[in-house]
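Generate coordinates for the entire structure from the input sequences, incorporating the hints supplied.
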Amino acid sequence: DAGITQSPRHKVTETGTPVTLRCHQTENHRYMYWYRQDPGHGLRLIHYSYGVKDTDKGEVSDGYSVSRSKTEDFLLTLESATSSQTSVYFCAIRKEEDTQYFGPGTRLTVL
Amino acid sequence: QKEVEQDPGPLSVPEGAIVSLNCTYSNSAFQYFMWYRQYSRKGPELLMYTYSSGNKEDGRFTAQVDKSSKYISLFIRDSQPSDSATYLCAMSARGAQKLVFGQGTRLTINP
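Residue numbers (the numbering used here), protein chains in the order written: chain A, 164 to 274; chain B, 34 to 144.
Be a bit skeptical, because a hint or two may be false.
Stated by the list, open to error - Short derived list, chain A residues pointing at chain B, Cβ under 8 Å:
id, residue
1, Glu-190
2, Tyr-213
3, Phe-253
4, Thr-262
5, Phe-265
These are calculated hints, taken from the structure and not from any lab test. Quick reminder that beta carbons are idealized off the backbone N, C-alpha and C, glycines included.
Below, the structure is given as C-alpha cells:
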C-alpha cells in the first residue's frame with residue numbers, strides 16, 4: 164500500500180461542467196503526478212508537482228489545471244469537461260530513485 | 034517515433050510457460066528501469082526496479098537491462114493464471130522528474 168487515496172473513485176458528469184479530482188498521500192513525499200490512461204495510449208502525464216505551489220505541465224495538460232496547497236493533497240481540475248476527457252485518472256507519488264507508486268484511480272465519464 | 038516502444042500484445046501463453054516481455058528505447062541517458070504490473074481496473078504496481086545494466090531476480094521474476102542494445106526484458110518463470118495482467122515498462126534519466134512509459138503488454142496465462 165503506497166498510502167495514496169483518490170476521490171472520487173467514479174464520477175459521471177456532463178459536458179461543460181467543472182470537475183475536481185483529489186489525490187491524498189500520507190507519507191509526505193515531495194513529488195506528485197497526475198496521469199490519464201486510455202486504450203491505445205497507455206499512461207500519459209498531465210501535470211506534476213515538485214512541492215507546495217510548485218507545478219509543471221506534462222504532455223497532455225491542455226484543458227487541465229492543478230493545485231497543491233498542502234504537501235499531502237494534489238488536486239486536478241477540469242475547468243469545463245469535454246467528452247475527450249473521459250478516461251481513468253491515476254495519481255502517483257515519487258519515492259526513492261525515481262520509482263513511482265500509484266493510487267487506485269478515478270474513472271471519469273463525461274457525457 | 035516513441036521514446037519507449039513496447040508491443041501491446043495481447044500475449045497468451047499456457048500455465049507454467051516462461052514469459053518474456055520486452056521494451057526498446059532510444060534515449061541513451063535512461064538509467065532507471067522499472068516494470069509495473071496492472072490488473073484490470075486497478076492502479077499500476079511496481080514489480081521490479083533496476084538501475085543501469087544487469088539482471089535482477091525476485092522470485093519467479095527476472096528483469097534484464099542491456100544498455101548497449103537499449104533493450105530491457107522481464108521474464109516470468111512458471112507462469113500462473115494470477116500473472117494475467119498488463120505489464121508496463123518505465124524508465125528515466127538521472128535527475129529527470131518524469132518517467133517515460135511503454136504502452137503496456139496485455140498478458141493472459143491460460144490454465
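Hints, verified against the model:
1. Glu-190: The hint is violated - A/Glu-190 has no Cβ within 8 Å of chain B, the shortest such distance being about 15 Å.
2. Tyr-213: Given a least distance of 6 Å, the restraint on A/Tyr-213 holds.
3. Phe-253: holds (6 Å)
4. Thr-262: holds (6 Å)
5. Phe-265: holds (4 Å)
In terms of the numbered hints stated before, the structure departs from hint 1 and from no other.
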